[in-house]
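Guided by the hints, dock chain D onto chain F, whose structure is given.
If you read the protein sequences in the order shown, they are chains F and D. Residues 292 to 591 in the working numbering are what the first sequence lists, from first letter to last. Residues 292 to 591 in the working numbering are what the second sequence lists, from first letter to last.
The set of hints was computed from the structure by calculation and includes no laboratory data. From the three backbone atoms N, C-alpha and C, an ideal C-beta is built for every residue, glycine too. It is possible that part of the hints are untrue.
Unchecked claim - Chain F residues, not near chain D, derived (Cβ > 12 Å throughout):
| id | residue |
| --- | --- |
| 1 | 302 |
| 2 | 313 |
| 3 | 335 |
| 4 | 356 |
| 5 | 372 |
| 6 | 390 |
| 7 | 392 |
| 8 | 416 |
| 9 | 470 |
| 10 | 495 |
| 11 | 498 |
| 12 | 522 |
| 13 | 550 |
| 14 | 581 |
Stated by the list, open to error - Taking lysine-lysine pairs in the DSSO-like style, the calculated list, with each CA pair at most 27 Å apart, reads:
| id | chain 1 | residue 1 | chain 2 | residue 2 |
| --- | --- | --- | --- | --- |
| 15 | D | 338 | D | 541 |
| 16 | F | 541 | F | 552 |
| 17 | F | 396 | D | 396 |
| 18 | D | 298 | D | 338 |
| 19 | F | 396 | F | 338 |
| 20 | D | 541 | F | 396 |
| 21 | F | 541 | D | 396 |
| 22 | D | 396 | D | 338 |
| 23 | D | 391 | D | 541 |
2 protein chains.
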Amino acid sequence: MNALNVKAELARRAAEVEAYLAGCLRGRGIPDRLLASMEYSLLAGGKRLRPALVLCFARHFGADGASVMPFAAALELIHTYSLIHDDLPAMDNDDLRRGKPSNHKQFDEATAILAGDGLLTEAFSLMFSCADGGQVPAPRLVRAAQAVAVAAGSGGMVGGQTLDMVYTARQGVGFDELRAMHALKTGALITAACVAGALLAGAEPPLVRRAREYGENVGAAFQIADDILDVVGDTKTLGKPAGSDERQGKTTYPSLVGLEKSRALANERAAAAVEALSGLESPEADFLRHLALYLVERVS
Amino acid sequence: MNALNVKAELARRAAEVEAYLAGCLRGRGIPDRLLASMEYSLLAGGKRLRPALVLCFARHFGADGASVMPFAAALELIHTYSLIHDDLPAMDNDDLRRGKPSNHKQFDEATAILAGDGLLTEAFSLMFSCADGGQVPAPRLVRAAQAVAVAAGSGGMVGGQTLDMVYTARQGVGFDELRAMHALKTGALITAACVAGALLAGAEPPLVRRAREYGENVGAAFQIADDILDVVGDTKTLGKPAGSDERQGKTTYPSLVGLEKSRALANERAAAAVEALSGLESPEADFLRHLALYLVERVS
Chain F
292 MNALNVKAEL ARRAAEVEAY LAGCLRGRGI PDRLLASMEY SLLAGGKRLR
342 PALVLCFARH FGADGASVMP FAAALELIHT YSLIHDDLPA MDNDDLRRGK
392 PSNHKQFDEA TAILAGDGLL TEAFSLMFSC ADGGQVPAPR LVRAAQAVAV
442 AAGSGGMVGG QTLDMVYTAR QGVGFDELRA MHALKTGALI TAACVAGALL
492 AGAEPPLVRR AREYGENVGA AFQIADDILD VVGDTKTLGK PAGSDERQGK
542 TTYPSLVGLE KSRALANERA AAAVEALSGL ESPEADFLRH LALYLVERVS
Chain D
292 MNALNVKAEL ARRAAEVEAY LAGCLRGRGI PDRLLASMEY SLLAGGKRLR
342 PALVLCFARH FGADGASVMP FAAALELIHT YSLIHDDLPA MDNDDLRRGK
392 PSNHKQFDEA TAILAGDGLL TEAFSLMFSC ADGGQVPAPR LVRAAQAVAV
442 AAGSGGMVGG QTLDMVYTAR QGVGFDELRA MHALKTGALI TAACVAGALL
492 AGAEPPLVRR AREYGENVGA AFQIADDILD VVGDTKTLGK PAGSDERQGK
542 TTYPSLVGLE KSRALANERA AAAVEALSGL ESPEADFLRH LALYLVERVS
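Pulled out of the complex, with its shape left as it was, chain F reads as follows (with noise of 0.2 Å):
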C-alpha cells in the first residue's frame, strides 16, 4: 500500500462517515437556525480521522462497523464543535476554516457558541444510541464514553485549549510544555477513539493499551505533521499552501526546534505506533499501520 493508495483508502472511508453524518441531526427538533450552522460545520468536509480510527479499531477487534458508527460520527461531533468554539473572537479570531467563512462569521457568536454546545451534547446522545438495540452491550459502551469524555474533558481537550490561550498570551512555550498541551488538545481525542473502538469490541485491557500506544503515538505523529504543513505547505497530497498558518504568533515544532528535528521526531512518533500494532493481522491493522507512516510521509 503507498501513499496513494492510502489516502484513497482515507478517503473512502470518510465517504462511508459522510453518509452517516449527512443525516444524523435530522429529526431530532433542533431549530432551523441551529440545525443549519451546526451542519454547516460539520458536513465541511475532512479527512474524518477520528471515525475511522474508532471503526478500524472495533473492527479489527470483532465489532461489525455499523453497530458502532454512530459512535464514531460522535467522535467527528466533538472535533467539530472544538473548532468552532476554538475560532471565536475571543479564542484564536478565526476568520477562515477549511478555506470557508468560520461558523461565527457565516452565522454570529451566539449561534456559534450554541452549534458547539449543540454538537458536543448531541455526540453523547449519538454514542448512547448504540446500545439501543443491543448493537453494543451497555457496560461496553459505558466504558467507550467514558474514555471519551474524559479526553475530551477539562484535563483532556477543553484543558488543553486552555493551556493554548495561556501560553499564546505569554507568548513563549518550552519543548515539555508544547508537547504536554498538544497531548491534551489534539492527542487525547484522538487517543481516544482509538481505545474506544477497542473497548466497543470488547478487546482485553493489554490489548486496549496497545491501541491506546497507537493512539498517543499517531496524535504526536499528526500534531507534528501539522505545524510542519503550516510552514512548508502540502504539496505532495493534500494541498494545502504553504504559509496558510491559521495559528500565527503560536508556537509550534518546527519554530522551537526546526524543520529537520521536528520530522525526525514525527517519523519516530508514526515508527513507535507501527510498533504498538506489532503482531496484529487483520485489514484493519494493516491500513492503520499504512495510515501512521502516511501521516508523515506527506511531510519528509
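Quick look at chain D alone, frame taken from chain F:
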C-alpha cells in the same frame, strides 16, 4: 409541611449536594485557571433543584442516594454551564449572576466559554462514574444519561436558548411560542432530572411517565413563578428584590398575560404536578408534592 419547612428541607438537601460538588472536579488534571473558573460558577450557591429531583425520584423508587449522587451532581454541572454561556456578551450579556460578577467578567470570555465546555463534558463523565463499581447497572445508566443528553441538547435546552435569542432579536413572541421556548430552555432539563432519577432506580415505564409528567408541570410552574418574581420580588422566602430582572427587554408571562393570570397558571401547573404523583407513597413523594406547591406559594 409548611412553606418554611419545605424551604429548610430543600436547603438540607442542597447542602448534601453541595458537599459532593465541592470535591467533584478535583483530581482530574484540570489546569488551575480552568478549574478556578469552573468552581467559581459551580460553587456559587443556588437551590440545587435539579440534583434534588434526581435524588428524590431515585430514592422513591428504591435506589440508594449515594450511588446516584454523581449523576445528580451532573445535572447541576449542566445547569451551571448553561448559565455561564447564557451570560456571555454574545448572548444575554449579563455582568452579574447571583449578585457576583458573571464568569466572563470575573475571568475572561475565552475562559468562560471553556469553563462551560468543560462542565458539560465533566457532567457526562460524572454520570458514567455511577457504573464504575456497579452501583447502577449499565443499561439503566445509559437510558438515564440518554434522557439527559436529549433534554440538554439542540432539540432541548440548547434549542430553547436559540429560540430565546431569535425571539429577543425579533422583539415579539406569542403565548404558545413563549411556552414552547421555556419548555425547552428550562423545562426539558428539570423534566430529565425527574425521569433520570426514576430510570436510575429501575422504575417501570408507567412510573417513569409519572415522573415525566411531574417534571413537565413543576418545570412550567417554576418558570412562571420565576417570571413573576422578576416583577414583584420575592419578599416572602428567597429575598430576591423586585426589579432584579436580568432578562430586560424579554417577554415574560406577566408581560404577556398579566400577574393574576400568571399566578393562576403557576398554581394550575403545580396542582398538575401534585396530581401526577397521586398514589405514590413515601417521604420522598411527600417532599416532591410539597416542593411543587412551595415553588408557587412564594409568589401567590
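Report the numbers of all earlier hints that the structure fails to satisfy, in ascending order.
Numbers 5, 8, in rising order.
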